[in-house]
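Trainee: Quick note on numbering: the sequence shown equals residues 175 to 371 in our numbering.
Read the hints as simulated data drawn from the structure, not as lab findings. There may be inaccurate statements among the hints.
Stated by the list, open to error - Below are the DSS-like pairs computed for lysine-lysine, each with C-alpha atoms no more than 30 Å apart in a straight line: (1) Lys301 to Lys264; (2) Lys325 to Lys356; (3) Lys306 to Lys356; (4) Lys240 to Lys318; (5) Lys325 to Lys243; (6) Lys216 to Lys318; (7) Lys301 to Lys325; (8) Lys216 to Lys243; (9) Lys243 to Lys301; (10) Lys216 to Lys264; (11) Lys184 to Lys216; (12) Lys306 to Lys240; (13) Lys318 to Lys306; (14) Lys318 to Lys243; (15) Lys240 to Lys266; (16) Lys301 to Lys318; (17) Lys216 to Lys240; (18) Lys356 to Lys184; (19) Lys306 to Lys216; (20) Lys264 to Lys240.
What the hints assert, rightly or not - The following label-pair restraints were derived from C-beta to C-beta distances: (21) Ile249 to Ser305: 29 to 39 Å; (22) Ser305 to Tyr275: 38 to 48 Å; (23) Ile274 to Ile189: 54 to 64 Å.
The C-beta atom is built at its ideal place from N, Cα and C for all residues, glycine as well.
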Amino acid sequence: MKGKYQGVQKRLLDINPRAVYTPYDCHSINLVLCDMANSCPKAISFFGVIQSLSQTRWKSRIESVKALKFQAPQIRYALLQLAQTSEDPKIKSEADCLAIYEIESFEFFLGMTIWNDILFAVNSVSKNLQSKDMHIDIAIDQLKGLISYFKEYRENENVHNETTRSAEESFRIDYFLYIVDKAISSIENRFEQFQIY
Numbered sequence: 175m176k177g178k179y180q181g182v183q184k185r186l187l188d189i190n191p192r193a194v195y196t197p198y199d200c201h202s203i204n205l206v207l208c209d210m211a212n213s214c215p216k217a218i219s220f221f222g223v224i225q226s227l228s229q230t231r232w233k234s235r236i237e238s239v240k241a242l243k244f245q246a247p248q249i250r251y252a253l254l255q256l257a258q259t260s261e262d263p264k265i266k267s268e269a270d271c272l273a274i275y276e277i278e279s280f281e282f283f284l285g286m287t288i289w290n291d292i293l294f295a296v297n298s299v300s301k302n303l304q305s306k307d308m309h310i311d312i313a314i315d316q317l318k319g320l321i322s323y324f325k326e327y328r329e330n331e332n333v334h335n336e337t338t339r340s341a342e343e344s345f346r347i348d349y350f351l352y353i354v355d356k357a358i359s360s361i362e363n364r365f366e367q368f369q370i371y
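Kindly generate the complete structure, drawing on both the sequences and the hints.
Mentor: Here you go:
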């Protein structure tokens, strides 16, 4: 447990006040993803659908989202077939709802695209951080690069100059910008200790 006032960091500092505590980078990256996925109701809903289609850990969610993104029509078709042929009313209902109200929705489609981009970027950095010959200065550069990626990704989305919010603009503000801002702040907060040393 990280913490200056309790947990492992506190105990280490009690024993040796000059000890330097460094959290495990990859676990911190996973916590960043958790922060992002739990940051807004639309993200929570998106991953609720992903989990109902397949149980995955963070490491394999990039593959799940990628598969959904590139095979959404086939998955939708399979769910509709299941809804028509299943004898179990619960399975019929769940498959029908997933196919029609989730996979066909605008928000789910954009969520697939956004999360595919986000998970690909985070997964690339995470793999590099897990390298056995990774140096702290390179890790810091990788994390700064990830923050820069999110800032650029955030700014390069289409901005509408309408006074009333369209569905797309509402989605952009309430979902896309929300999770990207959460990514930036979470990475900066979780890895600020590296900047000190």
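Trainee: Decide, hint by hint, whether the structure agrees.
Mentor: Hint check:
1. Lys301 to Lys264: With a Cα-Cα distance of about 40 Å, the restraint between Lys301 and Lys264 is violated, given a limit of 30 Å.
2. Lys325 to Lys356: Holds, at roughly 11 Å.
3. Lys306 to Lys356: holds, 29 Å
4. Lys240 to Lys318: The given pair, whose Cα atoms are some 25 Å apart, holds under the 30 Å limit.
5. Lys325 to Lys243: Holds, at about 23 Å.
6. Lys216 to Lys318: holds, 27 Å
7. Lys301 to Lys325: With a Cα-Cα distance of about 21 Å, the restraint between Lys301 and Lys325 holds, given a limit of 30 Å.
8. Lys216 to Lys243: holds, 17 Å
9. Lys243 to Lys301: holds, 22 Å
10. Lys216 to Lys264: holds, 24 Å
11. Lys184 to Lys216: violated, 37 Å
12. Lys306 to Lys240: Holds, at about 27 Å.
13. Lys318 to Lys306: holds, 20 Å
14. Lys318 to Lys243: holds, 28 Å
15. Lys240 to Lys266: Distance ~26 Å between Lys240 and Lys266 Cα, so the pair holds.
16. Lys301 to Lys318: holds, 15 Å
17. Lys216 to Lys240: holds, 19 Å
18. Lys356 to Lys184: holds, 27 Å
19. Lys306 to Lys216: violated, 37 Å
20. Lys264 to Lys240: Holds, at roughly 28 Å.
21. Ile249 to Ser305: 29 to 39 Å: holds, 34 Å
22. Ser305 to Tyr275: 38 to 48 Å: holds, 42 Å
23. Ile274 to Ile189: 54 to 64 Å: With a Cβ separation near 59 Å, Ile274 and Ile189 satisfy 54 to 64 Å, so the hint holds.
Checked against the numbered hints given earlier, the structure breaks hints 1, 11 and 19 and satisfies all the rest.
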